[in-house]
Every structure is written in structure tokens, then in C-alpha cells.
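All chains should be built: construct the whole structure from the sequences, respecting the hints.
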Amino acid sequence: MIGGLFIYNHKGEILISRIYRDDIARNAVDAFRVNVIHARSQIRSPVTNIARTSFFHLKKSNIWITAVTRQNVNAAMVFEMLHKTLALMTSYFGKVSEEAIKSNFVLIYELLDEILDFGYPQKTDSGILKTFITQQGIKTTYASQSAEEQTKITNQVTGQIGWRREGIKYRRNELFLDVLENVNLLMNAQGKVLSAHVSGRVVMRSYLSGMPECKFGMNDKIITDTKDKETTSDVVAKKKNAGIAIDDCTFHQCVKLSKFETERSISFIPPDGEFELMRYRTTKDISFPFRIIPLVREIGKTKMEIKVVLKSNYRPALLGQKIEVKIPTPQTTAGVNLFCNKGRSKFKSSDNAVVWRIKRMAGLKEAQLTAEIELLPSTENRKWQRPPISMNFEVPYAPSGLKVRYLKVFEPKLNYSDHETVKWVRYIGRSGLYETRS
Amino acid sequence: MSMNFNAFRDGGVGKMGGKMSDSKYFNTQKKGEIYELKAELNSDKKEKKKEAVKKVIASMTVGKDVSALFTDVTMCMQTDNLELKKLVYLYLINYAKTQPDLAILAVNTFVKDCEDPNPLIRALAVRTMGCIRVEKITEYLCEPLRKCLKDEDPYVRKTAAVCVAKLHDISAARVEDQGFLETLGELLCDSNPMVVANAVAAISEILDTNPNAAKQVNIDTPTVNKLLTALNECTEWGQIFILDSLNNYSPRDEKECISICERITPRLAHANAAVVLSAVKVLMKLMDQINNTEFVQMLQKKLAPPLVTLLSAEAEIQYVALRNINLVVQKRPDILKHEIKAFFVKYNDPIYVKLEKLDIMIRLAAQTNIAQVLAELKEYATEVDVDFVRKAVRAIGRCAIKVEPSAEKCVTTLLELIQTKVNYVVQEAIVVIKDIFRKYPNKYETIISTLCENLDSLDEPEARAAMIWIVGEYAERIDNADEILQSFLDGFHDENTQVQLQLLTAIVKLFLKKPQETQELVQKVLSLATQDSDNPDLRDRGYIYWRLLSTDPAAAKEVVLAEKPLISEETDLIEPTLLDELICHISSLASVYHKPPSAFVEGRVPVRKIQVNRNADDAAETDPHIEEDDRAEYNETEETGAPQEEVGGGDLLIGDLLSLDYPAPTPAQQPVNNANQAQPVADLLGDIFGGMDLGGGAPVAAPVASSPMDLFSLSAPTTYVAPPQVILPAARAKGLEVSATFARRNKGIFIDLTFANKTMMAMSGFAIQLNKNSFGLSPGAPLAVNSPVLPGVSATTSLSIVTTGPVMKMDPLLKVQMAMKNDIDVFYFECLVPAYVLFVEEGSMERNLFPQMWREIPDEKEKQFQLPFTKKSQDQVEAVLAANNVFVVATRQGGDGEHLIYTSVKFTNGIWVLGELRLPAGAPPSLALKTQTVAAIAEVHSAICTILAD
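Protein sequences, first through last, are from chains A and B.
Just so we're aligned, residue 49 is where the first sequence starts under my numbering, counting upward by one.
Just so we're aligned, residue 547 is where the second sequence starts under my numbering, counting upward by one.
In short, the hints are calculated from the structure, not lab data.
All figures in this text were calculated on a predicted structure; none of them were measured in a lab.
Idealized CB from N, CA, C, for every residue including glycine.
Hints are not guaranteed to be accurate.
[What the hints assert, rightly or not] Selected chain A positions facing chain B (in silico; Cβ < 10 Å):
(1) Y68
(2) F180
(3) D296
(4) R327
[As the list claims (entries may be wrong)] Straight-line C-alpha distance at most 25 Å; calculated DSS-like pairs for lysine-lysine:
(5) K178(A) <-> K59(A)
(6) K304(A) <-> K772(B)
(7) K847(B) <-> K200(A)
(8) K304(A) <-> K847(B)
(9) K848(B) <-> K240(A)
(10) K887(B) <-> K240(A)
(11) K1070(B) <-> K332(A)
(12) K407(A) <-> K355(A)
(13) K1070(B) <-> K1103(B)
(14) K1103(B) <-> K269(A)
(15) K370(A) <-> K892(B)
The structure is reproduced here in C-alpha cells:
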């Protein structure tokens, strides 16, 4: 298991050092500094073995956080733990910086005491830890806590629902669902899709009282598929509300996975506040919000014309935003004349590209840009390897076609019903790597 | 320690609401600070005390020695401020070992805290107590721990469960004696999932280090069922512990395998990558035992998406995932065969992710996807990172060899890359083209002329060798082959061996093909190889060719120009037994390094093999394939750190003493092993001394346990101490003569050393280290020698030895290999530890237990000895034995004035040896010894002989 955990600043000075196991000597602190932080070369692996001691390290802004071991530990677990530790620190005192770490070192030592015991990860959920480790040190001296309160804390820490504390109360029960998707596309000049996928996340912010049991439903095809085998009526039903095919999804630890496996239902008791309910990936039937049609004409040796047509491909009522098209130009570009019928465009010589920005664009519209490019005559007879045209955007729908069908809330003990809960759903589709070859 | 404290001076104002920032504690102080802190710690004001403790902790963090404040800090322990208490505990964990006598002062508070009404305090106390590795404290830990294991509060129980593992790490025997293993086993049925998870983690760790514990606690079928139920309710970390523990369980039949698989598959959708990978590990392992192909295929289908999803995690996790996917793909290529696109490199990927992705792309390349793969690879070959570009070029060559229809395209791509004239791209391309030529003879030779254009730019041996091979192989088609080879020959002696060998062969080939023009050339190269070279390989090859050519040119042709065997399509495959072992370690460090754990973890018993259909010849067989990179650590005299173990060569796990019942390794192997151990160490140690700058703080003068001259030895029987013997003669150690004797004092083992300086210069910088040995003996403190030792002077010291070091069975059992270092050199030697120093004070067996145990031991584990005649009376014998921890359990008067003494002895590692000593009147005594661990008998016999000698 993990033998120790160190935090350094960018110079390699130690800020926090907590040793959990006897097989790690203090000189491990220096070994890592000398061999990794002070090494001039680029990091070639996030795991470094120095004299039979393995160092798992990651760098965030100017801070190095390192876990040390001399055993055959679960490497994925160590990195998950390090990332969660960073997230925990962020939730306690905001940005993780050298100054913040120094200011909170007592708090950090306390947290490290709870996060790991003898190198075994124990608890990394901020919700529960905040009930008994607070920024002002311990909330109150323990003498003033009632016995009831104390057992309540320990039950929560070790309980089944370790991510939520009991006794949360809101005047207004409210929840927000954000479906956030990144569309990735590689298309060739003829409009053929070479590769495409959507990676999406469902992020939930819940402000609900008590211990609410939630059930989340979406238009996932597998759900209808697995429920019953192909019957004629099913085929009809499927056509009616064709669900989307999700390639794979992962869930927050609050989701009862065995229930998902057997019944394909997503049920959970949510943590309080914001968390990522699920992540998913789809590759089929993606509705691409934009299509780019490039036309490149080389007019002689020193002139070239690039025409780009941008088509928006969603319902006319919707508005796409923050649209940016980046059109690479040859290295030898001397000057560019630009004409566009929408938005603004300019040539960025530092990037060797024309950047075309459109603030808003409604669905089923078209915009066009023409770039006349003057080239320096070059002696080199090398062909210009036309890099792809890339773009960024944000649209208010889910390109994968995912729809939230329902999110039901049951709180068996408190007196509020599903109807009284205010629910908000929002869809945002953003560009991932969205490229069209020219 | 070369810390730069200045950086901490710039601590500014914190941003916590109105409260003064804690960062001020990092501001480093002036000289008298220790005294100031002392005063503050003893202040009456609580706030001031707390501030002072914070300052102490900050100093401790940056590596300052604040152990001098031990008493003062410990005094702050009895407080009702939890924050302060935690800080004091933190301090205790760090320094208790340096001040064991003072640490005992803390025991009372711990014991009191373990009774506190607040469960958080109880847990804190038991958690901290387990971290204090001081024997005396451990003694007091047992009772509170027992209570906490049965505490009503789950938080306390889960902490106590881990504490058992801590205690086991300090003293395995105590855990077994106190029956903690059974209690831990009971916790597996606890109602609280976190308690179950921690218990299973603790049990797995204990079983890993101590297979004997399996008798008392084991993971069997009903337990596994309970664990699988708990799996659904645990925290993410608990799920990992449970899944990893399942890895050591082998189901009875296929039905059980399938049912376990079914219960585990839901974990594949967990957001925590470690949970997913641990589930993958269990599934991959169980799949091997399932014959139901339909089910296996269904499982394979389910495995692919989660593995691909791991690639959207954080870069470091992606890296771990990719290293594991590499194993999965080699074991079951079908799983990911349609997912190659997921492994296409992204522009922003860190380099380590890019390289791993590339590796997997090559493995997944097939006819269906080759066009895409090639397009990608070509793209990569124009990137910036040299290693990555090289690997991409190499990958193109591999594709050509693997997917025959694509070969032509690959070759064209490679030629295009050669045209770029980027030096390392060209060289890499030539290396792979050589392989393509071998795979497809007489197909692409037209490109040779293009290759020859780049002769001058080749500066790497591998590329040069490849080019020379091509020239030699196709000498008949290259008009100026002789000129080209001649040009290489001019700088023959400056070439790398690889190039020299290749050049020799190529010229011989050329000669066999065009004998007329090249006679001079071949003679030149043969004489260069045989007469002017120091390299035996090169000389031998030269002589063989020479003789072949001179005796039978036809035979030479047959040998040198023989048809070459086909080259394999897949390269870099992991050897199958190792692959199977690594599959059992998915997600762990072993899978990241692609090495078995024994290659980088020391002192561990090889993991029990669960793989059913694989043979049992595990670590020993796979080890030679592993690149050796272990470096021993050394403990310098100046260091205050924990004593280190092992001199090196630790990879040969011969099995520890606990498994002595198993047949010992064959004697033929033994000397070889020993030789191996000593050899590589010398250089490695040199490296460590020179390379690592780990200078410690000021030298700490450890209290030298003076070797007492026993004035009363005549009147009362005392513990036997052999006269010092020279263990390292001056001739072998560049003028340092070391003599030593082992002794048992104050319930501990000591080695009394005398260093005699027989050189003309002062010596200093003494350090000692013990290799792994049968009883885990290792230095308990740094070696304290009053150095420098002046010429002609001797220095004596006494080094305490602990028995918590790494264990490896030696032959003879009591042999210990040592390394001694001074400022001149490092010396290796070995000596035999007398068995009597290993007899513990608690070796007196209860009277009623003795006959029972005596009966339990089978008769074949008994040995009889005749002892030499002793003048001692029966009482004297008893007294002498007792003084040496050979305890008299009972005595009996036999017939003919014979006197029988029943004795018991316990070794430091818990082995009991029972004895029956017969003292007949007027005849030499005889001795019968009985024990479960037969190997110990001979040692006890010789020890008793020594003790009783007049």
C-alpha cells in the first residue's frame, strides 16, 4: 500500500510530508526532488522507480503531489486517490497553490489522516469530511458535541451512503440537470465522416432535503432492447421513440450499479450540491450541429482562394453560439483578403490561419467566407500539407440525441413529493475536436 | 540536508476569513529557536501551546530535527483540543522511534483515549498507536485493540481492522498469539460495509506476507459470497479492496466462476477507474477457467467499452489503463479489435500516453484497419518528440510485416519519410526496411539505391548495422558494394561491436558472391577481427569464417549464405507465463512496469499462484527475462533514518523461514545463487554512494551500548558470549580488520564489533549492512563508531540487531552476508550467527503444554545427539541453560541416578524447539530435540553444546 504522500512546490521544496509506512524513509523526499523535480528532462512517465521505491506523481499548476510506495500497489487506485485528494483540497480552500497549502497545512494533515490509514484510502468525499473536519480546525472542541452527534458522524463516515450527510434541509427542494456533450468529428472534404463520437456528461446540482432516492431515465436504446426480446410490437414501439445507442457509460459511486445491470434503471441517493452523475459515449446517429464545405483553388504559384461554406444543421428556433472557424493557410502566406457575409474574420499570421468568429447563428442557416491568399514565391517544391479546418461552438441541444425522460424524487421520511420538487434540465453541446479536411 | 529554507520566508497573509494564516509557521527562525519553542510549549496559555506545536510540525515537515522537544510536545498530549491532539500524535508517529524510552510516557494517554466516550477519539488513539513502532508501546496496544475490534461504533471497528495489519507489520507473532486474526476474520461478516472492506484489506496484506496465517483466516466460498454482497454497498475504495482480494480466491467449479463474473460485471460501469480495472482483472482471470464459449464471448463484449472509456480519464490514469490494455490485448486480442480508433493519438496527449497508444495501435493493426492506421502513423512521423517519431516509423515497418497486403504501401510511406532527410527518421526507416527485406525477399530491392544515398547520414550503430546487412545481403545487385564496405572498414576500430560483427559477415558474404575483386578486402577484415580486436565474439566469428573459407569454400557458402529463418510478425510480445502472471496483477504496479512484483518488491513471498492451468514454476522461471534494475540502498553512519536491509541481489526468493517445512532448494542451485548475489552488488553500491546526494543532518551519536566486562562471570552463570573472532581479515579489506562476536543482552541481540585500522591513514565513514537472512536480522540503529579511527588504533562498538528485516532462507541457516563500508571501499563477507542469541526470553513453555506439544510433533522430526562429557553438576547445567534462554520446563529423576531435564527454546521468529536432556551419572549427557521445523534442530544442538562446554 501507499507508504507516504508528499507535496512539493515547483522548486522542489517540501510543503507537506506524511509517511504512512515504515518502509519509506525520510530520504525518499529528497530522492524524488533530485531525480524527478530537478531533472531537466521532460516527464516520460507518471510513475518513477528510484532505488526500488516507486513514486506516483502529478503536477497541478505549480504543485507536485506524490505518493510513494515500496510495494506492488494498485496503481490506478493511487492516481484516483491523488486526484481526489486535490479535488478535496480545492473544495476546502479553493485553488491549490503553494500559499494555500502553507496556510492550511494543519488542515491538510488532518485530512491526510482521514484520507489514508496505513496507506489504505478511506474517505475522499468532501460532503462527509466537512462534517467533522472544518477549516477552523475542528468544528468545536469535541467536548461540546453531544454523544448523539458524534455517533451520527461516525455512522455517516462508515455508512453505505458515505457521500451524503443526514439532516439536510432546504426550504425549496430544487435540482438542476445539465447534459453536457462534446462532439468530436473528423470529416473529409467530400463530406464523408471519418470518425466521430460524442462524449457526454450528466451533471447534477441537487438541493434536496433529507435522503431522497432519485430515479433517472433517458432515451437509451439498450433499455428498450434488453427489456424484452424483439417482438413485432417492440419494433413498432422502437420506431416511435427511437432511443439512442449509448456505447458505454460510467456512473458516480452513488448509483446502484447492480440495479443498472439487471433493470437498466439508474437509481441513486445524490450527494448534496454539484456532482457528475454519469459519463457516456456514443458513436451512432450523431446530429452534427455544423457542416463545413471547403473549396480550395490554387490559382497559379502565388495565389490561392479558399471558400468556406458553414451550414447550421439544427432546428431554426435554436441559436448556436461562440462559433469560431479556424482555416489554416500555407506557411508562405504573404497577405489575405477576406470577405464574409456573417460574423467577423481576420488573418492571424502567428497561427498561420484565418479565424472566423460568429457570435450567434440560428438553425438551418448558411454563412460563407472567401479568403484570397497571396503567397510568397518559394523555391522549395514542397506541397502544402493542408491541415484540417477546425471549429468551436456551443449549441443548446444534445447532439447525441440524448433526452432526459424523467427524474423522480422519493423521500420516504420527509413530507415532500416528487411534484413539489423544482427541476431544471439544460442541454449544451460543445465542440470537441471538430475538424474537416480541406 | 540541502533544503532551501528561504523560500518559506515569503509566507504572506492567508486568505482564510480573518484568521491569521498558518503559513507563518513555515517562516524559519533564528538560532535559539529550539529553546524558544521549549518555553512556548511549556506555557500556561493554551493558544500559545498550540501555536508552538504548529511551529514544531512545520519544522518537522521541512526536515528539521525537532526531536529534542520530544518531552515537551508529549506533555501537550493531554488536552481536550482535538486539533492539538492530532498534531501531537503526528509528532509522536515521526519521532517515537528515536526516543523509545520517552515514548512510553504517551502510553497512558493512548490507553485512556481508547476508552473515551467519543468514537472519533477512540479511533484516533488506536490508529495512532498502531503507527508507533516501539516494542514497548506495542505491548500496551493489544488490549485496547482487542476492545476496539469489538467496539459498538463502526468507525472505530474499521480503524481497528487496519490497525491489526499495522501490528502484524511490527510483530507477526504477536498478532497470531493474541488471536487477532480470528477476530479479523469475524469482521468479514460485519454489518457495516466499510468495516468489511478494511478487514479484507488487512487480511489480504497479512496473507501476502505470511502464508502461514492462512490456517487461521482464509477467504473461502461463504466469505466470498459475503464479500460480493458487501461490494454493492461499499465506498469506491472498499470495492477496490474487495475486488483485489478476490484475486487470490480460486472458485471450485465453472458454475461458481460464472456466478462471480456475473456479480462483478456491474462494477465495469463505475466512475472510479481503479474499480473498473480491478473488476477487469478478476474477470480476465476467471475467464480462463470458463469453458462456456458463449459466456466468454459475452464477457469479452462487455469488457471493451469500459476499457475504451478509461481513455477519457486523467492522463496519469490513462497511462495506467493503457499499460494494462497492452496486456489485455496480448492475452485476448479479440476484445478490442474493433476499437483501434480509440487509440489514435491526440495532439494534447502527454508523451507517455502517446507512446503507449502507439504500442497498442501496432498490436491492433489488421487488414481491415490498416489504411487508417498508416495514415495516422504517417502523421505522427512528422511530430516533434524524437522518441515518438522513431516509434511511429518503426510502427510503419511493423505494419508492413504484420499485414502483408499493406507492405507495398508501407514501403512507399517509408521512402517518403526518407526523403524528408530528417536524420533520425532516415535511420529508423533503414532499420525497419531491413526487416521488411527479410520478410519479403526479392520484392522491394529496387529501393536499395535510394537507401544508399543516405549512407553518410547514418551515425547510429543500429542503423549502420542494418545498412551494412543490406549491402552484404544484396551485394550482387549493388555495383559498388565493395567500395561501400571498404569505406566502413576504414574506421573499423571506432565502430560499435554490433556494427563490427555485421561488417565482418557482410564482407564475407560479398567475398562469396564476388570472390575475384574482394580478396584483399576479406583478408583485411579477417585480420582486423582476429588480430587487432579484443572482443572475443568478434575474434571467434573471424576465426570461424577464416577457417571455413580456407578449408571448404563450398561449405562456407552453405553456412554464410544459408536461407534465413522467417521473422515473426509480432515482436515485443511478453513471454506467456509472465503475461499470465501480469494478468493476475492488472491495475497494480507490476502491470505498469510489465515486470513481476518480485522484480521490484523485496522481502515478499511470491504471491500464491492461483492460475490453475499454468505450471507452478513461477518466479524462478520468469525472472531471467526481467531487466535487472534493483539498486540496493545503503545506510550511512550519519543518517538518523530507519535502518535499511539487504545488500542486494534480493530477487532470488528462496522462500522464507516460515516455510521451512517445504523441501529446501536443491543443493546444486545454491552456490550459484550465492555467487550471483555478491557480484552485481559492488557496482551498484558504488553508484548509490556516488550518485545520490542524500546527505543527512548532523551526525547523531547513538547511545553506544557499552560491552560490559562481566566481573561476576565466575560466581553466577551468565549468558554465553563467544570470544571475538576476526570476520574480516585486514588483507581482504584494504587494511581494515573487523572482529566480532554476537551476544544477547537486555532481551536484544547485539553484535560487538572491533575495527582495527592497520593502514597508515585514518578511516571514517563506517557503515554496515546485512543482507536478507533467515531470521530477518538487520541493524536496529546506525553504526556508531568514534571515527576517524587513527592508524594502528582499534575502535569498538556495539550494534543492536533487530529481527524485523527482510527474510530469506540461507544455507547454512544461520549464515549472514554483510557489507561493511568505510571511506576507502565497500567490503563483503559473511559470518555465522550463533543460534543462542536468537533464543528469546519468552521461550519458557507452560508445563502443561509441553507434553501435548511433544506428542504432536511426529517422531521423524526428532533427533538424538550425544553431548561431550561435562563436569557441571545438574544444578549448574540448569542454571547455565536458563541464563541462555534455554528454559527448563520440568526435571525428572530417572533410573540409575539419571537426571532428565526438559527444555524449551523459542526463536525470534516464533519457532519452538523442545528438548530432553539426559544426564546419566558418570557418563556423557545425551540430548533429544523435537520441533516442527527440522532445520532448526542442528542449530539448537550446536548452541547447547557451546553453552554447556566447560
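Please work out if K370(A) and K892(B) have their alpha carbons no farther apart than 25 Å.
It holds: about 23 Å lies between the C-alpha atoms, which stays within 25 Å.
Hint status (Cβ of D296(A) to nearest Cβ of chain B, threshold 10 Å):
Hint holds; D296(A) Cβ to chain B Cβ min 3 Å, cut 10 Å.
Hey, K1070(B) versus K1103(B), does the alpha-carbon distance stay inside 25 Å?
Given pair K1070(B), K1103(B) holds - Cα atoms ~19 Å apart, limit 25 Å.
Between K1103(B) and K269(A), is the straight-line Cα distance small enough, at 25 Å or below?
violated, 68 Å
K304(A) and K847(B) were given as a pair; does the straight-line alpha-carbon distance stay at or below 25 Å?
Distance ~22 Å between K304(A) and K847(B) Cα, so the pair holds.
Restraint outcome when Y68(A) is required to lie within 10 Å of chain B by C-beta distance:
Since chain B brings a Cβ to about 8 Å from Y68(A), closer than 10 Å, the hint holds.
Hint consistency between K848(B) and K240(A) [alpha-carbon to alpha-carbon, up to 25 Å]
violated, 30 Å
Is the straight-line distance between the alpha-carbon of K1070(B) and that of K332(A) 25 Å or less?
Distance of about 68 Å is beyond 25 Å: violated.
Agreement of K178(A) and K59(A) with the hint, judged by alpha carbon distance not exceeding 25 Å
Judged against 25 Å, a Cα distance of about 31 Å means the pair is violated.
Restraint check for K887(B) with K240(A), where alpha carbons must lie at most 25 Å apart
holds, 16 Å
Would the hint linking K304(A) and K772(B) be met if the CA-CA limit is 25 Å?
holds, 18 Å
Has the given pair, K847(B) with K200(A), been kept, meaning a C-alpha gap of at most 25 Å?
violated, 44 Å
Violated hints, in rising order: 5, 7, 9, 11 and 14; the structure is consistent with all others.
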